[in-house]
Each structure stands twice: as C-alpha cells, then as structure tokens.
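Engineer: Sequence:
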Amino acid sequence: MDKKIAIIAVVAIVIVVAAAAFVLMNNNNSDDDDKTVGEKNKAEFTKVWNEKYKDGDVLFPARLLILGNADLDDDLDNDDINAINKLIKNGYTYSKDFMADANYDGVIDSKDIDYLKKLMDYNNYKGIAYYFNCDFKIASYNMANPVKTSNILTQTLEMLCVIAPESVIAVDDRCANSQISGANPQGTYWKEFASVLDYSKLGSVGSHKSPNSERYLEVAKQYGGGYLTAVMNASDAQSTGYLEQQLEGTNVQIIRCPSWERGGVDNGMLLLGFLFHKYDRAVEWVTWHDSYYDDIMDKVSKLTESQKKKVAVGVLGDTDVAIAQQIELNYTTSAEWQGLKRMGVIDVGGDYLAKTTGVAGYGAWSQTISKESFVTMCTEAGGLDYYIGTVPGPYNVAPVNESKPTVETYMSTMSSFLEEYCEGTTLQVIGWQYSSGPNDLLYYATLANVLYGWDYDLETIVNEGLEWMGVYGDGEYEWTFDKIKANTLLPYDI
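All the letters of the sequence shown, read from the start, carry residue numbers 304 to 797 under the numbering used here.
Quick caveat, the hints were computed from the structure, so don't treat them as lab data.
Using N, Cα and C, we set each Cβ at its ideal position, and we do this for glycine too.
Incorrect hints may have been included.
DSSO-like, lysine-lysine: derived pairs with alpha carbons at most 30 Å apart [what the hints assert, rightly or not]:
1. K399 - K611
2. K581 - K399
3. K602 - K355
4. K345 - K421
5. K788 - K357
6. K581 - K611
Now the in silico label distances, taken between C-beta atoms and shown as ranges [stated by the list, open to error]:
7. L606 - M423: 19 to 25 Å
8. D376 - E675: 48 to 54 Å
9. T729 - A346: 49 to 55 Å
10. K512 - S706: 17 to 23 Å
With the sequences and hints as input, model every part of the structure.
Structural biologist: Okay, here's the thing in structure tokens:
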C-alpha cells in the first residue's frame, strides 16, 4: 500500500513537472512566434510598399508620418489609442495598418499604446521615434540628440528656416557662398537665406550630388558638438542610400523627409516639427498652407472635362545648363510634374513620355526629347494649351546672379519655337524654387489663375511665405513679392 502511494506520488510529481515544462516551453514558443510574426509582417510591409513606391500616384499613408498615428491624421492623441485598441480587438493587416505599430516591432498590441502615450508628450519626449520616410521605408530618429541640422538643396533649407533656423550648422554647395570654408558655391541661391542664416558660422557638407559620410562626421564634430541631422530627399534622387549604413552607430542622423516628393511638403513639415520638438510651429504653418491649398483643390475637384487644359511642363534652363537646347520635360519624380497633375489638367507631356520612352511609374525627374518630337506630341494631342517652363529663379538668374541669363532670355527661345511650330500654345514661366518645398503654393495658385482664370492673391501668398521663412523685408538680403516678381515672371496682369 505504501509502495502504491509512493509510486502515485512520483507519477504525480512527474506529471506536474512535465506540465510546468510544457507551459514554459509553450510560453517560449509564443515569444518566438511573436518575433516570427513581427518579422513576417515587416517583410510583407516592405514588399507591399516597395511596389507602391513605383507608382507615382500613391501618396503618403498619413498626414503625420510618425508611427503611432493610427488614425492617419496630423497628430497623436486619444483617437489613436482608440484606433489601436480596435485593431487589437478586431484584427489587422499589417501592411495596411502599420502606422499603429508605434514601437515598430512588427506586431500591433498593447505595447504600442504604452509607446504612443510617451510620444504624445511630444515636447518632452526624449526617445526613439519611428517614422515613414519619403523612400516609403520605416526609419528611426533619436529625439534625445541636440538638433543640429544641414540641408540638401534649397527646399529642405527653406523648411528648416521655417521650423528651426537656429538649428542649421551647415549647408550644401547649392546653398553655400564664399564665406564658408571648403565650399564650392553653385550660384546665388544663398541670397535667399542670408538674412536668416549667419553664413560666417556655417560649415559645408559638400555637393548634394555626391555627399559622403566622412564630410558629415567632420561637420558634426566641428560645428555640432558631435551631432548632426542631415535633412535629405529620397535616396534614389542622387543614389545616396549608402549613407545610412555608413553612418550607423554615429550621432549623425539622416532624415529622408518629403519636401517635394508626391506633393508632400505638409507631411515633411509636420515630420520635422515633431522630431525637432517644434510640432506646434509646424502645425501653424500647415494650417496656413491648407487655407489656400484646400480651397484650390476643392475648385479643381469640380472641374468639368471641357474645362480641363492640355498642358506639359519642362525645364527652360537650370543651375547646370544655362539654356536648354532640347526639350527637357519634367516627369514623375519632379515637383513640377506632380503639382501639375494635381491641377486637373490633361497631362500631354507625361502621357507622351510614358508612351514613347518606356519610362513609367516613379523614377525619372525629367526626360529629354527633340524639338521634332515635341511638335509630334502637340500634333497627336490635338494641340497644347499651355507649356509651363521653369527657370532657376528667382535667386539664381540675372540680375540677382549677374553671370546667369535673365528670365526673358530663358523664355525667348522657347517662345519663338512655340509661335512657329505649336501655334496656340501659351508659355507660362515660373521660378522652380516656387514649385516645390514650402513655397509650392505660388505654383498651385499661379496655375489656378493662368489655367482657369481664378483670382488667387499671388502677392499675399508670396509675402506670407517669405514671412514664414523669416526673409521678408526691404533689406539687402530680404525679399518681397515686388522684388522677385521680375525674376519669376508671374502673370503681370494679376
């Protein structure tokens, strides 16, 4: 009897131990499964959004691109907590609902709510924020680091001047001048910024066409106390995707921020504002931008087919080429083409390029065609109502830059060509700096007035935009609508 009891007791102990071991193993497997699910979800996200990136008509998935913004609007609040709870309860498709993954572990669960609550205290948050960048990839930013910044091209520097001009410690050669040691200035773009930035105290990050990690590290050490945030455009713009890997583990961070990509300057401003603890400033700017842009888009949405104009957009001359001898049509990755598409036009230029060059999707800033091909394009379309020609104005043309042609010179060759071979086509010239970045409202408003006869106050839009940048005024390097008008060839009758 005692032996039976002993045997039963031993068996019971074995069963209990086995059960405990099973539970422990099952919990471990659960953790492994979570990791596996997270990895699978991230892989599926990458696959889906890599494909979406190739389509130039796909826009950014949310207004504020910080992960945790589950309801896809322009802020982080209790609505996002409610949205995440709903996904946890009802299930989710990660490639669609990934913005709810605040801690970016590939799984949407209660941990994201905990992470989101910390992010919601955006003025004081000093941790890692994950965000969706203009490459359609998820990146991270350490918000504990001091904000010391540099730009790529004028658009990102304009954004920095609006959000945090005091943060700028270096500029690229496009925006540099002779005061900056080691720089190779490209024209007079610097004159746009000279009243808000002290060029005598700035470093140089070199050419926007071939940035290198060593230069960034040197600038961070010399001008930023070891820290630097390089605000850049998409990695495929100049094939700069190598920078993140080379700078990994350093205090130099890369933000690939929408500045003209897919018309997402508002996304970019909110993103920079949040990451730099300047979110309230960004919201103020976006509210101003929306007050004009939303009204324009509302009118565009009501256009009838008979009201839509046949239009193409191209480069009359740029920083590197004084006067274009062939026709260089803007295409899918350019702000000029993207903005034009939003204006309800019949896209003669884009349709012709897609048909004749084999280049479609998202990946070409411009395509050059012969003048004979341009005539063919117009003929096949049954005529062209407007040709929008861009020039490097208003800050890198004569008289601001005496070594460059005047706007009238840029337009004269094209104007004569259109009169002879494309009768009935109106040429409208605009400075390309006002077709993208935080000044893009002038492009939309000019097109609205020229194409459709609407009556937007261009002078007010320009002057208010200059005020946001801190460069409005009558000083030597300050600007007003009247001072830049001749260098941009805005419609003189408006």
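Engineer: What hint numbers does the structure not satisfy?
Structural biologist: Checked against the structure, the hints that fail are numbers 1, 5, 6, 7, while the rest are satisfied.
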